[in-house]
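Here are the chains, one letter per residue:
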Amino acid sequence: MGAYISLPSWRRSLDQRYRLVVGECPDCGALSFPPEGACHNCGSEADFDEFEPVGTGEIVAHTVVEGALPPEFSEFEKKVGAVGVVLVELDEGVRVPGMLTDCDPYTTERGDRVEKVARRLYEQEGVVRYGYKFRPIG
Amino acid sequence: MATDVSVEAYGAYVPRLRVEASEFEEAWGSFDARGVEEKRVPDADEDSVTMAVEAVEDALRWSAYSKDEVGTLVLGTTTPPLEEGEVGAQVAEILGMKTNTEVVVHSGSARAGVRSLVTACRSVETDEDMNASVAVASDCPLGKPDDSIDHAGGAGAVAFVVGEEGDVNVKDTASYTQEFSGTRFRERGEKAVKKYGATAYERDAYTTVVSGAYEAISPNDTQNAVLAPTAPDADMPYRAGRAVGTDVYETASSMGDTGAASALFGVLEGWQKDEDNVVAVGYGDGASADAVRLSGSFSGNWKHDTGTKKITYTEYLRRRGHVVDEGGDA
Chain A
30 MGAYISLPSW RRSLDQRYRL VVGECPDCGA LSFPPEGACH NCGSEADFDE
80 FEPVGTGEIV AHTVVEGALP PEFSEFEKKV GAVGVVLVEL DEGVRVPGML
130 TDCDPYTTER GDRVEKVARR LYEQEGVVRY GYKFRPIG
Chain B
112 MATDVSVEAY GAYVPRLRVE ASEFEEAWGS FDARGVEEKR VPDADEDSVT
162 MAVEAVEDAL RWSAYSKDEV GTLVLGTTTP PLEEGEVGAQ VAEILGMKTN
212 TEVVVHSGSA RAGVRSLVTA CRSVETDEDM NASVAVASDC PLGKPDDSID
262 HAGGAGAVAF VVGEEGDVNV KDTASYTQEF SGTRFRERGE KAVKKYGATA
312 YERDAYTTVV SGAYEAISPN DTQNAVLAPT APDADMPYRA GRAVGTDVYE
362 TASSMGDTGA ASALFGVLEG WQKDEDNVVA VGYGDGASAD AVRLSGSFSG
412 NWKHDTGTKK ITYTEYLRRR GHVVDEGGDA
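Residue numbers (our numbering), protein chains in the order written: chain A, 30 to 167; chain B, 112 to 441.
Derived by calculation from the structure, the hints in this document are not laboratory data. Accuracy of the hints is not assured; some may be wrong.
[Said to hold, decoys possible] 25 Å max Cα-Cα, derived SDA-like pairs, lysine to any residue:
1. B:Lys421 x B:Trp139
2. B:Lys421 x A:Leu150
3. A:Lys108 x B:Ser286
Construct all of the structure, not just a fragment, from the sequences and the given hints.
Following this line, the structure appears as structure tokens:
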């Protein structure tokens, strides 16, 4: 089994899945992604001020997954082979994880500039789950 | 019908994967999509929804409007990911449009792209409070691997931002409908488009209905107007062009059959060649067509390609899912 996410839970995270909406702590100004829980910097429990980042940034960590993705990705993996997984520091200064697309995952590396793009993540129980991925800026 | 609105900006999305006709010749001994030299195809994580999002984002970037100012979003596609279900809502939500944006989907016919432009124009025209609407045509038709429809099947999306003041005036719209059943259709529950296979009948249907819609726009106005029709291949459009005696613009030769988006890609191709009087004809098999006359032009190259990847026929089969079982949660 993969890490099953029910549709009600999924829907609550759409702003993050689709547009990378991040939270700014009203007390210390630190950014959090996803904008949930207490501020990781000052511990404030005040509601985050949410905003939509531009969606561009730099790869700060990179790996390639070969044949070991969770089962909900198996159809996708059969079609494309190895998949790049990255941690990206957005230009606004917050780090977010994501999959790479539209590139050779082996030649894409740390320091490369990327932009967010909405893609099909997987299909489960007949429902397509869409979400952001990152592609190199040409 | 005369209108009083304009196309203020456009955007386009062309997938990076490309496959050449010679790959099909090698695999099948022949290539059956006339005039197509190579085509673009969606990657495994792309569909009509994701391509539509990219085209709309591109169009809004070049327009004076933000996504919050779009009153109506109209999506035209023959390949919605679901037969029933509001795929337009997913496009609007991914883009982050406001919840009271009017969202409309036209589907079930390759005419849907130009139809979306007509709907977007009427929306701005009839609602005084609305500044702008967006029409987006996004498509990735698929056939059975051994037939001309699949050989032609390409992918792409085009979006037009429609408002009251823009470089391209939407002058007139007209329609033409006459039954020619079975020329091309997709049955319930099927992914592959098929056709009856009587070539002369299909050509007659296409030429009659496309020229009928073109000529339904008053003759004075169509004088010298070039034709950008729905292009199932890179042969049919020229037959219609010869029938009405005008030049034709299409992208099927370099992108394949982009279904509902193809007529609007043809418009972009015309603008790039400085044509300023273009009639787009959205043709739906069965058959029905809408014509829209566009006066004015946007200069410059419409295709902002950021690198392409050439794939083999076997890779094409795998990435498009022709040879991959649909997996669920194992």
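These are the hints, each one checked on the structure:
1. As the CA atoms of lysine 421 of chain B and tryptophan 139 of chain B are separated by approximately 19 Å, the hinted pair is consistent with the 25 Å bound.
2. Pair hint lysine 421 of chain B plus leucine 150 of chain A holds up; C-alpha atoms about 23 Å apart against a cutoff of 25 Å.
3. For the hint pairing lysine 108 of chain A with serine 286 of chain B, the CA-to-CA distance comes to about 41 Å; that exceeds 25 Å, so the pair is violated.
Hint violations for this structure: number 3 only, all remaining hints satisfied.
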